[in-house]
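Colleague: With my numbering, you'll find the sequence shown wraps up at 249, consecutive numbering, no jumps.
All the pointers check out, no bait thrown in.
Per label pair, the in silico range of CB-to-CB distance:
#1 Ser123 / Lys185: 38 to 44 angstroms
#2 Glu76 / Arg108: 25 to 31 angstroms
#3 Met45 / Ser240: 42 to 48 angstroms
#4 Ser127 / Ser212: 26 to 32 angstroms
Straight-line alpha carbon distances no greater than 25 angstroms define the calculated PhoX-like cross-link-like pairs of lysine-lysine that follow:
#5 Lys37 / Lys57
#6 Lys23 / Lys57
#7 Lys57 / Lys185
#8 Lys119 / Lys23
#9 Lys37 / Lys23
FYI, nobody ran anything at the bench for these hints, they're computed from the structure.
The beta-carbon is built from N, C-alpha and C at its ideal position, and this holds for glycine as well.
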Amino acid sequence: MAGHSKWATIKRAKAKTDAARGKLFSRYAREIMSAAKLGGGDPTMNPRLRLAIERSKADGLPNDNIARAIAKGTGEGEVDNTEEVTYEGYGPHGVAIIIDTMTDNRNRTVGEIRAAFNKYGGSLGESGCVAYQFDTLGIIEFEPAGRSEDDALELALEAGADDLVTDEDLWQIRCAVEQLHEVSKALTDAGLEAGDIRVDRLPQHTIELDESQARGILRLIDALEECEDVERVAANFDVSADVLAALEA
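Given the sequences, and given the hints that come with them, work out the whole structure.
Modeller: Structure follows, in structure tokens:
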């Protein structure tokens, strides 16, 4: 059934001050390398690689960079020792946080992540301490563009999605990760233009925070996202509409 998501709005507001374009390109290159390493360099046979390429192209990553990243991942280019590592912990107020990284140096990465937790009142935990509180899903975001919620939900379900989550000006279609490419293609064929297509971790339950608490958590998340090897940070907090308005001001 359709629902509402303020966390999506929080992340859009945060994105205005997120990493510079060069850092974004580096993250995309690592994502493409990892996908090619795990599933091969042919995007027609590797849905994860196909998605990574689509996202990177949408943000302007040059084709030469994409080709080099694929070559590194498949072993045809420079030797690459990048691996995916997930870290978990708690922020202030019991907020669960999970961090996905791609790193060629675990000691460097865990040191930077631990320092961020310590600086902003959190604690880095053991593997598995919070992962069970999140679901990993495919996310397709789009602007309503005059569509009714019922029509959009029907279209999403017909395409093989599981749910539609609405916000004022940006809606999310959610599906199983392995269905992400097929669902996004079906939606595109139906005339829906996606603004973002990605894999994300979504909390099963959330903790509502006041403005001061939310700002503290966002400072921690900003610090984690500034770590060079961090690809994605997810947290299980939410805020009221009034607090959201204050955060966006």
